[in-house]
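**Q** The primary structure of each chain is shown beneath.
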Amino acid sequence: NAGVTQTPKFQVLKTGQSMTLQCAQDMNHEYMSWYRQDPGMGLRLIHYSVGAGITDQGEVPNGYNVSRSTTEDFPLRLLSAAPSQTSVYFCASSYGLQGAGETQYFGPGTRLLVL
Amino acid sequence: GDSVTQMEGPVTLSEEAFLTINCTYTATGYPSLFWYVQYPGEGLQLLLKATKADDKGSNKGFEATYRKETTSFHLEKGSVQVSDSAVYFCALSDGSGYSTLTFGKGTMLLVSP
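Residue numbers (this note's numbering), protein chains in the order written: chain H, 1 to 115; chain V, 116 to 228.
For the record, the hints were derived by calculation from the structure and aren't laboratory data. A hint or two may mislead.
To be verified - Restraint-style ranges between C-beta atoms, simulated for each label pair:
#1 Pro125(V) x Pro83(H): 45 to 51 Å
#2 Arg182(V) x Ser80(H): 41 to 47 Å
#3 Gly40(H) x Arg182(V): 22 to 28 Å
#4 Lys171(V) x Phe10(H): 35 to 41 Å
Stated by the list, open to error - According to the in silico footprint, chain H covers these stretches of chain V (three or more CB under 8 Å from chain H):
#5 155-169
#6 218-228
Claimed, not checked - Facing chain V, according to a computed beta carbon distance under 7 Å, are these residues of chain H, among others:
#7 Gly42
#8 Gly101
#9 Gly107
These numbers were taken from a predicted model, which means no experiment stands behind them. Using N, Cα and C, we set each Cβ at its ideal position, and we do this for glycine too.
When you get a sec, could you build the whole thing from the sequences and use the hints?
**A** Structure, rendered in structure tokens:
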């Protein structure tokens, strides 16, 4: 089991560029999510998915798009990057959908710098 | 809405010292509580969890007890090691919704030999 994988590990973008952060899991988890981590802010939820074809917004969704065409993959798209999106992005997944006690498994993160 | 408050760091300790990192929460319903740890340059990994009041989670010498009366989930370890240096996040999952986690801001722990 590779667990949760993310690519790339590090990316530099110019303002206005677009890119896709990739996330994949091989644990057959229904629930997947994207968080961003900023200094002094903890982790904040961007978007989540409860199964293929089903996504919803989290706390900070503006500027990001997601889709879930398969159980395994959950890419995060930045349509027009802004310096405020400089952050470390983590993808996570869990087996169950309901919150009670479900352990979430995190990927290693993607560090994004927008100039 | 749900929120988690944890003590600010960094917490600086000598090896073999006793560790406490305070965490309190506000939530509707009956949340599950978690401690995640992030080692330098890595993603988060679950350290321990508790799913109902008075449960004690434990792992690798760390413990935390779910106290509903004080809405707290403080992390403790009797004797820290240099290898425990990391950022520790307290989090909750509101049992009424999906598996979404609400995180505290994190507490950096630095342990010196």
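**Q** If a hint holds in the structure, say so; if it doesn't, say that too.
**A** Going through the hints against the structure:
With their beta carbons about 27 Å apart, Pro125(V) and Pro83(H) fall outside the hinted range of 45 to 51 Å. Judged by the Cβ atoms, the range 41 to 47 Å given for Arg182(V) and Ser80(H) holds: they are separated by roughly 46 Å. For the hinted restraint 22 to 28 Å between Gly40(H) and Arg182(V), the CB-CB distance of approximately 26 Å keeps it satisfied. For Lys171(V) and Phe10(H), the hinted distance range of 35 to 41 Å is satisfied, since their beta carbons lie about 39 Å from each other.
Coverage of the segment 155-169 of chain V by chain H holds in this model, with 7 residues showing a Cβ closer than 8 Å to a Cβ of that chain against a need of three. Coverage of the segment 218-228 of chain V by chain H holds. Counting CB-CB distances below 8 Å, 4 residues qualify, and the rule asks for three or more. Annotation: interface hint on Gly42(H) holds; nearest CB of chain V at approximately 4 Å, less than 7 Å. Interface hint at Gly101(H): satisfied, since its Cβ lies 4 Å from the closest Cβ of chain V, which is below the 7 Å cut-off.
Hint status for Gly107(H): holds, given a least beta-carbon distance of 5 Å to chain V, under 7 Å.
The structure fails hint 1 only (numbered hints given earlier).
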